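So the protein lines, in turn, are chains A and B.
The letter at position 125 of the first sequence is residue 125 when you use this note's numbering, and the numbering goes up by one with no holes.
The letter at position 195 of the second sequence is residue 195 when you use this note's numbering, and the numbering goes up by one with no holes.
FYI, nobody ran anything at the bench for these hints, they're computed from the structure.
Fair warning: this is a prediction, and the values are worked out from it, not measured in the lab.
Please note that a few of the clues may not be correct.
[Claimed, not checked] With a Cα cut of at most 20 angstroms, we get these calculated SDA-like pairs of lysine to any residue:
1. A:Lys301 with B:Gln107
2. B:Lys210 with A:Val56
3. B:Lys210 with B:Glu179
4. A:Lys170 with B:Glu179
5. A:Lys301 with B:Ala111
6. B:Lys118 with B:Ser97
7. A:Lys170 with B:Ser97
Below, each chain spelled out in residue letters.
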Amino acid sequence: MAETFTFGEMLSARSVIGTTLAELGETHDNLWVLTPDIGATLVEFRDKYPERFVDVGLAEQVCVGIASGLAYDGNIPVVSGMLPFLSMRALEQIRSDICYPNLPVKIIGTHGGLVGNGGSTHYAVEDLALMCALTNMTVTSIGDPLMVGEVLRQSMAMPGPLYIRLAVGKSDKVLYEPGQHDIRIGKGIVARQGTDATIFTHGTVVAQALEAAEELAVEGFNVRVIDMFTLKPIDADLVAQCAEETGGRFVIVEDHLAYGGLASRVADVVADRGLHLTAFERLGIPQVFAGFGEDEQLRDKYGYGLEATKAATRRVIAATA
Amino acid sequence: MGQPTLIAGETRHTVAELEELAFELRSKLLHLCGTYEGAVHIGGDLSVADILTVLYQYGMNVDPTNIANPARDRFVLSKGHAAVCMYIAMAMRGFFSYEGIVETYGQLDSAYGMHPCKVQLPGVECSTGSLGHGLPIAVGMALSARGRGDTHRVFCVLGDGETGEGSVWEAAMAARSNELGNIVAFVDRNRQLMTSFAEERVAFEPYPDKWAAFGWNVVMVDGHDMGQLVAAVDALPASDSKRPTVIICETIKGKGVDFMEKNLAWHAGRLGAADLEKAMTALNSTRKKETV
Ligand SMILES: Cc1ncc(C[n+]2csc(CCOP(=O)(O)OP(=O)(O)O)c2C)c(N)n1
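Input sequences plus hints: build the corresponding full structure.
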């Protein structure tokens, strides 16, 4: 199915999860799929492998706990659900029952960021900070829907836990032609080349960053966009390379708290490696409990929308060393 | 203790009047679901409509003119995804205007959206939406009332699916351990979760026995029978008694609209103009049957 989608088209990441898991269930007879009543997209797997499908109802903690038990016994469990509840209700199970024994459990879910118009209980805005803090956890945030399938496939060979963050996942822009990039967990993707500045981003706002870069090109700016879909372990070499090649001018844009997510991880690399930057701006969610509104409206309101991204990029380009 | 006290100047509704109010609530819910661009949790709104009508129009001592009145009963909508049903029930009780809900629902900076937010909508007692949080909070409110010697009650409405969360049972244990007879929980037992029928996934039955085993006073009613709901409220033990009460309401998800009833596709959805008419016709036909 990969060939039928090209750049700019919309595709549901959830449907990609559904078909990928059903496909992986065939090649991996120890793959289990678990969900706390968020099973609509898992129907294909459920119908093909009912004996390896567990829907516990409304019970995130036991869902992750069961996944741990399955993994202790040699299975590969994938827990699929809504991230605010998986990453927080079941946080201790993730930490002590999965990360501590370093088990190959994948946590995949939706509602990362100010998306879906559900209000603050339904926005996972601190999940990446929480997950990045956990020893042994690999943390990803994916915008391109086809990449979700690719990362899931690669994850089958991973020995430890993995977190995969999506936005709403109902309609996502296809960003990359299949085969266009070498997609590997732990390696950032150069989504757009450029030398004037680098925008580091992840997840649902990668599309917006690319749009900003295209519009800035009309103004004569040549902006690089890095899809840093793996936040942990971060691709530190790529950060260093961008510092060198784009004049040490960094903008980080993310649909997550501005402190604690990708911006903080990039800042850590800058500090640890002693990189010399000319300018550094972080755009993301401030310390608020956001209310209602469509995704784009909330991004604009909180200063990490398209216009804010362009403005910040112009500023870092104009900054003097 | 019998019937709850009333804010001065009020009269008590009859069962027939309450039925009319519940019909009006359902009509308004469908209207919103038919005009709003996004999804509304209409299935669980329609199943809980009679419960919220009896609470806001009969059972709870509320004060729309002074939302901070310390003597008011407290209300926690633990199944927060039925927010819109609560907003409209509150509007019908005089807390705010129904038009204000319809005009701004789900929009940027609106006080009204998918889950209740106390920060943006004072009058709502507590922000909910993540299931399994309401009953623990209700226990805290009830403990506080007990500690102050206040006689108001704390009402909490839960989904049956929601009671799969362990925190609900931790709270049930805490309510009994602290002898909180001032707590009244209503469970909207519509036997559906989001993606499955409840019993396919979770062995809830014997459901009343579970609550009884936790030491609660258990009352079973048809959650769409206004007479039974009123009787259950009338028979509540005194708020200074020691056993918390759960009223398990047998309900139908999507109640009142034939194509939504017991249909997993209508956990949440959007009607659109054409289907709104269909839904209203269906709802109207249920009304005739009941009043003839
Ligand atoms: C902790 C948590 N997990 C998942 C959800 C998503 N969700 C919203 S409603 C729902 C089903 C709830 O079923 P039930 O409690 O029976 O409510 P009802 O059927 O009355 O709508 C789910 C899974 C949530 N809001 N909170």
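- Message: Checking each numbered hint in turn, tell me which of them this model violates, lowest number first.
- Response: 4 and 7
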